[in-house]
Amino acid sequence: MNVVVTGLGAVTPVGQDAPSTFAALLAGRSGVRGIEHFDASGFDTRFAAQIRELPLLEGKWAATDWDAAELLDRKTRLLLTSTREALETAGLMSFPDPDRVAVCVGSEGGRKLLEEVAVRAREYNPDPTLERAAYALPRGEWAKTRSGHPARILATIAGARGPVRSVCTACTSAGGAIAEALYLLRAGHADIALAGGTDTLVEAFMVSGFSLLGALSTRNDDPVGASRPFDKERDGFVLGEGSGMLILETEEHARRRGAPILGRLLGAGLSNNAYRITDSPPDGTGPLVSMNAAIADAGIRPEEVGYINAHGTSTLMNDLSETRGIRRAFGAHADELLVTSTKSMIGHLVAACGAVEAVVTLLSLREQMVHPTLNLQTPDPECDLDYVAGVARPVPGLSVALSNSFGFGGCNATLVLGAP
Amino acid sequence: MIGIVSTGIACPLALGVAPTVERWLAGDSGLVDNDRWPTDWFVRGDAGLVPDFKPRKQLPDRKAVKLMSRESQLAVWAAVEAAGPKAGARFGIDPARFGGFAAAGYEVSSLDESEEMLALARDPADPRALSLKELFGPARDAYSPLAPLKILPNMALFHAASTLDLRGPHLSLGSSAAAGLAALGEAVEALQHDEADAVLVLGSDAQTEVFRAHQATEAGVIEHLAPAEGAGAVVVAEGGVAILGWSVGQELPPHEDPREASGRIVHGEARARIYAEAMKQAGLTSVDLALADLWGWPERDEHERRALPHVDRAASTRIRMGWLGAAGGIIDVALASELIRGGHADTVIVTASGIAGDVGAVVLGPAR
Chain L
859 MNVVVTGLGA VTPVGQDAPS TFAALLAGRS GVRGIEHFDA SGFDTRFAAQ IRELPLLEGK
919 WAATDWDAAE LLDRKTRLLL TSTREALETA GLMSFPDPDR VAVCVGSEGG RKLLEEVAVR
979 AREYNPDPTL ERAAYALPRG EWAKTRSGHP ARILATIAGA RGPVRSVCTA CTSAGGAIAE
1039 ALYLLRAGHA DIALAGGTDT LVEAFMVSGF SLLGALSTRN DDPVGASRPF DKERDGFVLG
1099 EGSGMLILET EEHARRRGAP ILGRLLGAGL SNNAYRITDS PPDGTGPLVS MNAAIADAGI
1159 RPEEVGYINA HGTSTLMNDL SETRGIRRAF GAHADELLVT STKSMIGHLV AACGAVEAVV
1219 TLLSLREQMV HPTLNLQTPD PECDLDYVAG VARPVPGLSV ALSNSFGFGG CNATLVLGAP
Chain Z
7 MIGIVSTGIA CPLALGVAPT VERWLAGDSG LVDNDRWPTD WFVRGDAGLV PDFKPRKQLP
67 DRKAVKLMSR ESQLAVWAAV EAAGPKAGAR FGIDPARFGG FAAAGYEVSS LDESEEMLAL
127 ARDPADPRAL SLKELFGPAR DAYSPLAPLK ILPNMALFHA ASTLDLRGPH LSLGSSAAAG
187 LAALGEAVEA LQHDEADAVL VLGSDAQTEV FRAHQATEAG VIEHLAPAEG AGAVVVAEGG
247 VAILGWSVGQ ELPPHEDPRE ASGRIVHGEA RARIYAEAMK QAGLTSVDLA LADLWGWPER
307 DEHERRALPH VDRAASTRIR MGWLGAAGGI IDVALASELI RGGHADTVIV TASGIAGDVG
367 AVVLGPAR
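From first to last, the protein sequence lines are chains L and Z. For reference, each letter of the first sequence is one residue, going 859 to 1278 in the working numbering. For reference, each letter of the second sequence is one residue, going 7 to 374 in the working numbering.
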């Protein structure tokens, strides 16, 4: 069964929608700047890729008609924004059969805001009773900490009544969610799937956690130059926030309703490194398994792939492991591939990155143009592919591309995307 | 036919499949006085606690234990019982073709973890104030940089995968009591579509942590069910106890307020449709036994009973083990498999529903 893409949406640090995001990326514009969401003056890392202004939600998307606007936290608002755009481009402002519409969202839960911890502590410490600490937060706050919260709210507001899946695999959450949507469509559980991801990591607890792990760049004197995937001087990733959404449909369903076909989801591959929590195997085995599985699933030859939107985090180990994985998967054809890192401009959106990068890959296929990898000034001799350094490049005839995501906990996800 | 070839259980009844089945058949309860934290203020004083579980002594990698949350520790124990320690070798399957699908827990870090971070972040000049500078100053070296990783939802699956060396397709589904049944169904389809030769399906949770338990009271659960912890694991492959049918959907009507969801999900109509779909796939009109989503809440249970197909016996692990969150579905599936394997039932329907409105059913039977 063929699965096509009929809608795209994104909200990112460089654009409030998919077209403006792609235009900014082609122009090589960075969304990284000093942290504005909280006072980070005492932090080792004091910059991030932030969305300065949340897009306005109106009507049903603001949930005002069911008195639940307070449940729309930042990551859910971003998800609703990207979904609204995707549904509009798909011409799907209502569903012909809501029971046949699935929702698959990559999101992470359980992240405490430092403010929440502080509220509990202030209640707990002077008079240490658990009851005071437990009741310190307003009723309903707990719902927002559940990883399934964004998907549940989206399904409710959009009126999608088919299967709802929340995929929680760290940085591969959105890639996994899109793969899951593909499986649901192929298995006949739905005709349409809203598939994407959302995340908002620029807050004190997450910046502190990733900083303690030594995963973040500390190039505070040059935030725009901090995310430098595949560069010899790379020193870690840059946290970001955003959301991306694809509307996937069976080709038969899309053609029957005369929907625009913006691209194709040809296949997906998932794997686990079974190695270390935060590192990929240096020999690239994990990415190799997911890329090989995705290529096999799509039923294509490796030589048909012209472009890879890499995970490309700008950490020492990821970029090396991914490069080696690509070399092992593609052999001599690796020298013909274009490989770019969207994270060089919008940072690492963690649970959302796979969705935003899938949107970018689909627009690359459609426009026959790939964005550059920013800040690649001193090539790492061990990262020896064509990373499209500095300037966007036209790619006439580009028909098949991969989008890679790799995550903490050893997860790997690869999507195979095709031109319309 | 695709089925369940192996199981692992760590639950309030017992640690291990055989003693769990024995205590289940004896009609025992796994609920005990909750001695984890003072409960004089709390709606219930009992809890479903896994007995005799000593992670440092019983898990294969003692060093890794300190990196694991409680649900990860329980998950690894159940996974090792089901498939370990080297799953590929045990089942003769290439690790790259051995997948892992999981229902992730509710992953809210514990009071201990919060307290640790807060203690380090306290401003020396004002003990009631937090100082980020302090956290990043003298206290920094005292705080384990890996501690935040404990609360990532996919960590239980990662620890199981690394312990068992599973490198095939991986998926961790979040935050619903029905997520385990969804993961099981996805595993069946992964095998049908030749994406893997075997999949470990895992569900683990620890609703016994104080704030999680409190949050469950907010959802209206703990009035009826004791907070509980546990993990279930099953290996899905060709053969074994047959998975005859499965269906997972949702019964939350548009504009239902998720804060109230568990209290209001008593409609039954969508639930009946989902159960009927699983039965239709199984080609059955009746089953011997239902391990059902019964809570001891009369109005709610009446809807569950009405939605069930014709069953000779309906029983509930929730009433005897407590509220196991994301772990419940797979513990039930593992138990049902063993009841069939032991000749205590011929066909079983397992049902589960989550706070957010997800509902699922799986029908199991002898190998065909």
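Please note that the accuracy of each hint is not assured.
Unchecked claim - Covered by chain Z, according to a simulated footprint, are these stretches of chain L (three or more residues, beta-carbon under 8 Å):
| id | segment |
| --- | --- |
| 1 | 1010-1022 |
| 2 | 1038-1045 |
| 3 | 1110-1122 |
| 4 | 1129-1135 |
| 5 | 1263-1269 |
Everything labelled a hint here was simulated from the structure, so no lab data went into it. By construction, the Cβ of each residue, glycine as well, lies at the ideal position given by its N, Cα and C atoms.
Here is what the structure says about each hint:
no.: 1; hint: 1010-1022; verdict: holds (count 9)
no.: 2; hint: 1038-1045; verdict: holds (count 4)
no.: 3; hint: 1110-1122; verdict: violated (count 0)
no.: 4; hint: 1129-1135; verdict: holds (count 7)
no.: 5; hint: 1263-1269; verdict: holds (count 5)
Violated hints amount to a single one, hint 3; each of the other numbered hints is respected by the structure.
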